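Each residue of the sequence shown is one higher than the last, beginning at 1 in the UniProt record's numbering.
You may find that some hints are simply not true.
[Unchecked claim] Ranges between beta-carbon positions, derived for each pair:
(1) Glu58 - Ala228: 39 to 45 Å
(2) Gln28 - Gly208: 25 to 31 Å
(3) Pro172 - Asp288: 25 to 31 Å
(4) Asp184 - Gly320: 49 to 55 Å
(5) Phe65 - Asn266: 16 to 22 Å
(6) Met82 - Pro175: 35 to 41 Å
(7) His56 - Asp188: 49 to 55 Å
(8) Gln269 - His313: 22 to 28 Å
(9) Gly284 - Lys180: 20 to 26 Å
[Said to hold, decoys possible] With a cut-off of at most 25 Å between alpha-carbon atoms, the simulated DMTMM-like pairs for lysine to aspartate or glutamate come out as follows:
(10) Lys235 - Glu206
(11) Lys195 - Glu265
(12) Lys180 - Glu191
(13) Lys68 - Asp41
Note that these hints are calculated values from the structure, not bench results.
The model shown is predicted, which means the values in this text are computed figures rather than measured ones.
Just so it is clear, CB atoms sit at the ideal spot from N, CA and C, and this is done for glycine as well.
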Amino acid sequence: MAGRENRRLKELFKEFGVQPATLAVMAQMGFTVSTLMNMKDDEVDFVIKSMIEEYHLELLVGEQFGIKAGVRAKRRALDEEMEQQRLDMLARNGDRKMNSADEPPESLLLKDGLGPPRDSIGLLGFTNHPGGSDSEDKKVVARKKQKKRHSKEFGEDGEERPREHPFIVTEPGEPAKGKKNGLDYLFDLYEQCGKFLEEVQQIAKEKGEKCPTKVTNEVFRHAKLTGAGYINKPKMRDYVHCYALHCLDMEQSNALRKVYKERGENVGQWCQACYYPLVLLARGNGWDIDDLFNRNEKLRIWYVPAKLRHLCHMERIKHGE
Numbered sequence: 001m002a003g004r005e006n007r008r009l010k011e012l013f014k015e016f017g018v019q020p021a022t023l024a025v026m027a028q029m030g031f032t033v034s035t036l037m038n039m040k041d042d043e044v045d046f047v048i049k050s051m052i053e054e055y056h057l058e059l060l061v062g063e064q065f066g067i068k069a070g071v072r073a074k075r076r077a078l079d080e081e082m083e084q085q086r087l088d089m090l091a092r093n094g095d096r097k098m099n100s101a102d103e104p105p106e107s108l109l110l111k112d113g114l115g116p117p118r119d120s121i122g123l124l125g126f127t128n129h130p131g132g133s134d135s136e137d138k139k140v141v142a143r144k145k146q147k148k149r150h151s152k153e154f155g156e157d158g159e160e161r162p163r164e165h166p167f168i169v170t171e172p173g174e175p176a177k178g179k180k181n182g183l184d185y186l187f188d189l190y191e192q193c194g195k196f197l198e199e200v201q202q203i204a205k206e207k208g209e210k211c212p213t214k215v216t217n218e219v220f221r222h223a224k225l226t227g228a229g230y231i232n233k234p235k236m237r238d239y240v241h242c243y244a245l246h247c248l249d250m251e252q253s254n255a256l257r258k259v260y261k262e263r264g265e266n267v268g269q270w271c272q273a274c275y276y277p278l279v280l281l282a283r284g285n286g287w288d289i290d291d292l293f294n295r296n297e298k299l300r301i302w303y304v305p306a307k308l309r310h311l312c313h314m315e316r317i318k319h320g321e
């Protein structure tokens with residue numbers, strides 16, 4: 001058992017410059033790959049500190065960063081693998097729905113005036129325009145009711161109230177109505193995250209610590225501590241690709257907003273529609289979606305969503321490129 005765990009540790013850190021002697025001490029302390037995957041960043045720091053102070057191990061600076069980088073890389077790989085499995089299932093369900101449909105869904109507005117191909121719509125999960133069969137409408141209503149039942153929370157008065165989506169589809173410059181916020185406000189939240197990242201980087205420099213280059217949990221915690229509790233990871237993670245389209249092709253982003261506003265579609269449907277233009281942009285860039293993010297001043301601080309990367313991969317295979 002010990003030999004197998006040692007091999008797993010070596011496999012985990014083989015590309016991150018961690019020496020065999022360091023891995024031997026880590027195994028001696030009883031740490032396994034599974035244990036490391038379930039540890040927070042500060043707990044990994046404690047492991048490194050323990051190896052230095054208690055085991056008098058002279059860890060190179062590169063090894064210390066290598067241990068952290070290896071753990072983070074493995075976490076991302078596991079998260080992406082789970083996300084791909086989920087997307088594969090959604091893609092298969094989407095293809096089955098498209099094969100059984102009598103009419104193709106209405107085209108999305110793209111820069112050249114053409115909509116995505118029928119099979120791409122099935123893969124990317126775009127919604128049909130209202131007007132489908134009665135049985136399909138009943139299924140949609142049933143799903144909405146079920147989702148509403150599962151998304152209740154308790155208010156300050158102790159009574160249950162349904163959780164509502166915080167945004168509505170608005171055109172550029174259009175103020176939102178009621179208690180919900182428009183898309184201009186949504187994109188402004190990403191701008192605020194960039195400023196909070198700069199503050200976190202400045203604090204790290206003053207402490208002599210490593211500066212984060214991406215918007216991480218540390219940035220969201222800092223935002224909350226400064227009173228911006230309305231900025232949270234789940235909300236910002238769901239719309240990263242929408243913000244990406246806004247940054248990379250504002251003209252197309254605005255056109256898409258206008259179409260979905262005129263249709264009366266909800267934010268969820270608009271959110272799904274933002275994927276396909278990004279896939280086209282990636283195709284025009286040799287399918288390198290990471291490069292598109294990294295070359296943009298505002299996008300480089302955000303991780304490419306696993307779903308977007310997976311869709312680019314699927315479309316690339318489909319086109320044989």
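Going through the hints against the structure:
Between Glu58 and Ala228 the Cβ separation comes to about 42 Å, which falls inside the hinted range of 39 to 45 Å. Take Gln28 and Gly208: their Cβ atoms lie about 30 Å apart, and the range 25 to 31 Å holds. A hinted range of 25 to 31 Å holds for the C-beta pair Pro172 and Asp288, which are about 28 Å apart. Between Asp184 and Gly320 the beta carbon distance is about 40 Å. The supplied range of 49 to 55 Å is therefore violated.
Roughly 44 Å separates the CB atoms of Phe65 and Asn266, a value that falls outside the hinted 16 to 22 Å. Take Met82 and Pro175: their Cβ atoms lie about 39 Å apart, and the range 35 to 41 Å holds. Look at His56 against Asp188: about 51 Å separates their beta carbons, and that is inside 49 to 55 Å. Between Gln269 and His313, the C-beta spacing of about 24 Å keeps the proposed range 22 to 28 Å intact.
Taken as a hint, the range 20 to 26 Å is violated for the pair Gly284 and Lys180, whose Cβ atoms sit roughly 35 Å apart. This hinted pair does not check out: Lys235 and Glu206 have alpha carbons roughly 30 Å apart, beyond 25 Å. With a C-alpha separation of about 32 Å, the suggested pair Lys195 and Glu265 falls outside the 25 Å cut-off, and the hint is violated. For the hint linking Lys180 to Glu191, the alpha-carbon distance of about 19 Å falls within 25 Å, and the restraint holds.
Under the criterion of a C-alpha separation no larger than 25 Å, the hint pairing Lys68 with Asp41 is consistent with the structure, at around 8 Å.
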